[in-house]
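Same order as they appear, the protein sequences are chains R and H. Numbering of the first sequence is given in my numbering, commencing with residue 4 and proceeding in unit increments. Numbering of the second sequence is given in my numbering, commencing with residue 4 and proceeding in unit increments.
If you're looking for bench data, these hints aren't it; they were derived computationally from the structure. Computed from a prediction, not measured in an experiment: that's the story for all the values here. Among these hints, one or two may not hold up.
A pair holds if it fits inside one copy or across any two, identical chains being indistinguishable in the list.
Said to hold, decoys possible - In silico DSBU-like links for lysine-lysine, alpha-carbon gap of 30 Å or less:
#  : residue 1 : residue 2
1  : K142      : K163
2  : K314      : K262
3  : K5        : K204
4  : K163      : K5
5  : K314      : K41
6  : K280      : K163
7  : K310      : K204
8  : K314      : K278
9  : K5        : K41
10 : K278      : K204
11 : K94       : K208
12 : K208      : K5
13 : K163      : K262
14 : K314      : K163
15 : K204      : K18
16 : K142      : K280
17 : K310      : K94
18 : K310      : K278
19 : K78       : K314
20 : K204      : K73
21 : K310      : K280
22 : K107      : K280
23 : K314      : K280
There are 2 protein chains.
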Amino acid sequence: MKEISSLIAYRPDVKVVDATLRDGGLVNDFYFQDDFVKALYLANLRAGVDYMEFGYKASREIFDTEKFGKWKFCKDEDIRAIVGENATDLKIAVMADVGRCDYKTDIISRADSPIDLIRVATYLNTIPAAVDMIEDAVKKGYEVSCNIMAISNSREGDLKVALDILGQTPVDVFYIVDSYGAMYPEQIARLADLYLEVAAKYGKKVGIHAHNNQQLAFANTIEAVGDGVDWLDATYASMGRGAGNCAMELLLGFLRNPKYNVYPAIRFIDTYMSKLKEDGVVWGYDLPYLMTGLLNQHPRAAIQFTKEGRKDYTEFYREVVAQD
Amino acid sequence: MKEISSLIAYRPDVKVVDATLRDGGLVNDFYFQDDFVKALYLANLRAGVDYMEFGYKASREIFDTEKFGKWKFCKDEDIRAIVGENATDLKIAVMADVGRCDYKTDIISRADSPIDLIRVATYLNTIPAAVDMIEDAVKKGYEVSCNIMAISNSREGDLKVALDILGQTPVDVFYIVDSYGAMYPEQIARLADLYLEVAAKYGKKVGIHAHNNQQLAFANTIEAVGDGVDWLDATYASMGRGAGNCAMELLLGFLRNPKYNVYPAIRFIDTYMSKLKEDGVVWGYDLPYLMTGLLNQHPRAAIQFTKEGRKDYTEFYREVVAQD
Chain R
4 MKEISSLIAY
14 RPDVKVVDAT
24 LRDGGLVNDF
34 YFQDDFVKAL
44 YLANLRAGVD
54 YMEFGYKASR
64 EIFDTEKFGK
74 WKFCKDEDIR
84 AIVGENATDL
94 KIAVMADVGR
104 CDYKTDIISR
114 ADSPIDLIRV
124 ATYLNTIPAA
134 VDMIEDAVKK
144 GYEVSCNIMA
154 ISNSREGDLK
164 VALDILGQTP
174 VDVFYIVDSY
184 GAMYPEQIAR
194 LADLYLEVAA
204 KYGKKVGIHA
214 HNNQQLAFAN
224 TIEAVGDGVD
234 WLDATYASMG
244 RGAGNCAMEL
254 LLGFLRNPKY
264 NVYPAIRFID
274 TYMSKLKEDG
284 VVWGYDLPYL
294 MTGLLNQHPR
304 AAIQFTKEGR
314 KDYTEFYREV
324 VAQD
Chain H
4 MKEISSLIAY
14 RPDVKVVDAT
24 LRDGGLVNDF
34 YFQDDFVKAL
44 YLANLRAGVD
54 YMEFGYKASR
64 EIFDTEKFGK
74 WKFCKDEDIR
84 AIVGENATDL
94 KIAVMADVGR
104 CDYKTDIISR
114 ADSPIDLIRV
124 ATYLNTIPAA
134 VDMIEDAVKK
144 GYEVSCNIMA
154 ISNSREGDLK
164 VALDILGQTP
174 VDVFYIVDSY
184 GAMYPEQIAR
194 LADLYLEVAA
204 KYGKKVGIHA
214 HNNQQLAFAN
224 TIEAVGDGVD
234 WLDATYASMG
244 RGAGNCAMEL
254 LLGFLRNPKY
264 NVYPAIRFID
274 TYMSKLKEDG
284 VVWGYDLPYL
294 MTGLLNQHPR
304 AAIQFTKEGR
314 KDYTEFYREV
324 VAQD
């Protein structure tokens with residue numbers, strides 16, 4: 004059983020990362036209004052959030068810039084237009100996907116960029132490419148984290164090898180990523196143990212990025228905090244792909260460090276997130292996401308169901324269970 | 004850390020209690036159509052649910068029968084009209100509140116009733132009255148559980164005394180009840196320890212009834228299962244007062260006993276629960292419930308906010324924080 008003190012005191016090493024624009028951008032193809040992004044930046048500042056992820060550094064060779072909003076590409080000048088010199092405590096992050104990013108050219112020296120943290124996202128089978136990206140980003144002066152995605156169907160042995168490889172790079176943080184929203188807190192506890200063991204060996208930190216398919220994104224996040232995980236991803240009103248993420252308002256309400264403040268989060272949701280929902284942007288827990296989560300599948304079938312405005316849950320269940 | 008076997012195997016002693024009509028009835032004043040109730044009964048049968056709670060045995064002296072649907076009062080004949088002789092494995096439960104129930108007259112001998120289980124609901128300060136109700140129900144032949152409500156702001160010492168008193172009665176099950184949705188899994192683990200210790204001493208079982216104010220109803224329920232709690236309350240689509248309860252569809256998806264089956268639950272929600280929502284019945288996680296949960300308050304202010312169709316979350320936060 005966890006120490007009672009962990010619910011009363013706090014660990015100063017905990018960092019909250021706002022992933023609203025990045026994971027939420029997967030819902031609306033990154034078409035956020037500038038006033039939304041500016042207000043989000045201010046909300047994060049006021050709420051005491053540590054990092055704000057603006058979106059992806061996606062390749063403009065691979066992705067059509069006409070088909071996505073600008074936060075899919077996160078040009079430094081676009082970030083600068085929101086944050087100016089960012090003379091604040093709030094650090095700026097972007098995500099760079101292995102194989103979908105021209106990092107050698109698109110990520111410039113940190114000294115000339117508003118960005119502080121590069122979040123390298125990889126699958127288990129692309130770890131060597133992730134290592135190259137990590138080394139490139141560290142050389143350019145950035146803080147670097149690495150998200151190993153879709154681990155809920157990976158083998159523990161493979162994961163150990165991957166973490167050991169990453170441990171030998173200059174990466175700062177390993178992330179536990181429950182891409183499918185398939186994991187229970189007990190499983191998170193065991194994964195946290197594994198990640199923290201390797202992290203301790205190499206002097207790294209551990210983070211968590213959860214999805215809400217089974218209404219466990221927040222529960223899994225606070226399970227991880229109790230286990231010693233320090234970097235916590237959250238999004239306002241849970242906005243994120245499919246069932247969404249750990250809700251920022253829940254997380255800020257839970258954390259005991261007085262630097263965090265839930266009121267600006269509620270104000271931001273009241274003014275901006277409710278409007279997005281009214282405008283027809285759809286995300287969050289629903290039966291199809293529960294089903295793909297239960298079955299440990301990628302949520303794409305459920306996302307398609309939602310996009311088509313379907314409501315025939317029973318038929319959907321038959322479809323996903325019948326799949327080979 | 005919990006045994007990995009607890010996620011792979013199962014405990015045959017686990018019982019699932021469907022509280023949809025009872026806790027959900029608090030949302031729509033117990034006005035459920037007969038076809039809904041009949042379909043719910045069949046869904047429970049098919050899903051392998053162990054107990055179905057029909058509603059309250061409320062006093063017709065205290066409550067106006069014109070102002071509530073029949074499941075507020077749960078006359079034996081009304082239950083019989085749904086279940087007939089109930090020659091099934093699904094047992095029938097009703098709740099009886101201390102001080103709001105004419106149990107001496109309204110609860111007849113089990114031999115003449117379709118009801119199997121009386122769920123006595125009490126606050127800490129009415130334990131002696133609960134004891135009288137428990138003894139009365141056991142004498143009449145019923146299984147009996149006791150829900151001690153609103154424990155999130157009670158003192159541990161008082162709770163221990165209450166459990167010790169209940170342990171000496173013929174009650175079968177003590178329930179952990181997080182009425183305000185204020186508790187985190189770590190706190191549930193500690194409470195489960197306390198309840199289970201007393202339960203072991205007196206040969207009782209322990210149950211949990213959770214609320215979803217912080218999206219933790221399911222998480223708290225599976226935390227409790229992992230700790231050794233056997234009786235689990237859930238409602239279809241989380242229907243219940245305020246933020247609602249642990250979702251039946253999540254719980255059935257989690258439990259490993261092959262007697263449980265999530266498909267009938269999905270079918271019932273698809274056909275019946277979605278319709279209730281379309282008809283304007285409102286429940287479920289929303290910011291005001293998060294706030295009362297965080298502040299460990301009764302959800303009544305949040306329920307009022309929802310009833311009035313208010314959307315000014317920021318103002319609501321100011322109101323509840325400013326309260327003396």
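Checked hints:
no. : hint        : in the structure
1   : K142 / K163 : within (26 Å within a copy, 59 Å between copies)
2   : K314 / K262 : between (43 Å within a copy, 27 Å between copies)
3   : K5 / K204   : both (23 Å within a copy, 24 Å between copies)
4   : K163 / K5   : both (25 Å within a copy, 21 Å between copies)
5   : K314 / K41  : between (35 Å within a copy, 23 Å between copies)
6   : K280 / K163 : neither (40 Å within a copy, 46 Å between copies)
7   : K310 / K204 : neither (45 Å within a copy, 54 Å between copies)
8   : K314 / K278 : both (23 Å within a copy, 11 Å between copies)
9   : K5 / K41    : neither (39 Å within a copy, 44 Å between copies)
10  : K278 / K204 : neither (46 Å within a copy, 55 Å between copies)
11  : K94 / K208  : within (17 Å within a copy, 50 Å between copies)
12  : K208 / K5   : both (20 Å within a copy, 24 Å between copies)
13  : K163 / K262 : neither (35 Å within a copy, 36 Å between copies)
14  : K314 / K163 : neither (41 Å within a copy, 48 Å between copies)
15  : K204 / K18  : within (21 Å within a copy, 44 Å between copies)
16  : K142 / K280 : neither (41 Å within a copy, 55 Å between copies)
17  : K310 / K94  : neither (34 Å within a copy, 41 Å between copies)
18  : K310 / K278 : both (19 Å within a copy, 20 Å between copies)
19  : K78 / K314  : neither (39 Å within a copy, 36 Å between copies)
20  : K204 / K73  : neither (39 Å within a copy, 64 Å between copies)
21  : K310 / K280 : both (14 Å within a copy, 20 Å between copies)
22  : K107 / K280 : neither (37 Å within a copy, 51 Å between copies)
23  : K314 / K280 : both (18 Å within a copy, 13 Å between copies)
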